[in-house]
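Participant: Counting with the working numbering, you get residues 20 to 347 for the letters of the sequence shown.
Hints in this document: simulated from the structure, not taken from any laboratory. Idealized CB from N, CA, C, for every residue including glycine. Accuracy of the hints is not assured; some may be wrong.
Derived CB-CB ranges, DEER-like [as the list claims (entries may be wrong)]:
(1) SER126 to PRO71: 26 to 36 Å
(2) GLN280 to SER121: 46 to 56 Å
(3) VAL157 to HIS123: 11 to 21 Å
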Amino acid sequence: MASYATSSSLSMAESAFTSTSASTACTTYEDHFFGVPRSTSIRLPLHLPPRPLSTPDVELSALIVDPEFQDLPLGFVIAKLRELGPELLRATQLTHIDVPTSTHLPSHIRCSFPPPSFTRSSAYLLPSHILAIRCSDVTRTLLLPVQGLMWAAMSPGLSLLSSSPNRPSSNKKRPRSPATSTLCSAAELSAASSLLPVVQITLPSNASIRILQSYVTMASTSDLYTRLLPLPPSSPSTLANILNQPSHEVTPSSLAIQLSQLPSKTLLDRVKIVHGLWQNVVALEITDEGMWEVMSNAWSILIAALALRDQRKAAPGGSGRVPADEIE
Numbered sequence: 020m021a022s023y024a025t026s027s028s029l030s031m032a033e034s035a036f037t038s039t040s041a042s043t044a045c046t047t048y049e050d051h052f053f054g055v056p057r058s059t060s061i062r063l064p065l066h067l068p069p070r071p072l073s074t075p076d077v078e079l080s081a082l083i084v085d086p087e088f089q090d091l092p093l094g095f096v097i098a099k100l101r102e103l104g105p106e107l108l109r110a111t112q113l114t115h116i117d118v119p120t121s122t123h124l125p126s127h128i129r130c131s132f133p134p135p136s137f138t139r140s141s142a143y144l145l146p147s148h149i150l151a152i153r154c155s156d157v158t159r160t161l162l163l164p165v166q167g168l169m170w171a172a173m174s175p176g177l178s179l180l181s182s183s184p185n186r187p188s189s190n191k192k193r194p195r196s197p198a199t200s201t202l203c204s205a206a207e208l209s210a211a212s213s214l215l216p217v218v219q220i221t222l223p224s225n226a227s228i229r230i231l232q233s234y235v236t237m238a239s240t241s242d243l244y245t246r247l248l249p250l251p252p253s254s255p256s257t258l259a260n261i262l263n264q265p266s267h268e269v270t271p272s273s274l275a276i277q278l279s280q281l282p283s284k285t286l287l288d289r290v291k292i293v294h295g296l297w298q299n300v301v302a303l304e305i306t307d308e309g310m311w312e313v314m315s316n317a318w319s320i321l322i323a324a325l326a327l328r329d330q331r332k333a334a335p336g337g338s339g340r341v342p343a344d345e346i347e
């Protein structure tokens, strides 16, 4: 049985990452190797590489959309859909996929949509496509229902998701409706179930896909910060509330100082997530300024927190060992 999970080139991303690593920070952490404590040093760039200058922007005017959106400014439509982002995500979570049992991934997969109590007023919020995402760091294929227009507006390579597959297009890669099935327009998606077209893509990082999905759907920078950065220790508030405080009270430096109290493993796990998201964003050629700014800031804060932590350990009287609660 094939292994499925229902919940562009990597080389370009990696070359960009290593090319700027001349300015690096070195951090040391401890783990166990066959029960024996050991110290490991790693070097990380002080700054996340900026987006490649050759990355094209999405031309909204060139996207093919469904009839209900044709007479409206597409930027306005996407902005309104992002305001409904939490409902879009909920519709995705409530959509049930009939997972294929064969090793061959079909061109269309049947999905069962949320109950009428949810869809009666939200027919246009239901998924229009299924992304079959293969990642180099896992063996399973993730089947992710998506509202295609939101992804098409974010990534040039996914413009084929901008409308229902039965819309005419010169793009030969655009999925077509099965000959034996009448496919759903947005207004018809409120039916109990429907066949959705499958679009296969390959991404570098599996761990950051849900974070990417959330930002593509809502374009919320505050939500992205909360997903990339850990909560400071002993904080009585959420990270979102902390970040919404006046800028003179919360700065990147003050936040790095607070986060430096966390175990190095916690910080390094978040560094790995930011790096994975950066890989996926580069691979999909996403140019969204808000996303790039948050990724860059989150990376710098985490690296600064690691450096401050190492400085305290190296200072006179500082502990030469990582506290036991950091070791798994």
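Participant: All the hints need checking, so say for each whether the structure fits it.
Facilitator: Structure-based check of each hint:
no., hint, in the structure
1, SER126 to PRO71: 26 to 36 Å, "holds, 32 Å"
2, GLN280 to SER121: 46 to 56 Å, "holds, 51 Å"
3, VAL157 to HIS123: 11 to 21 Å, "holds, 20 Å"
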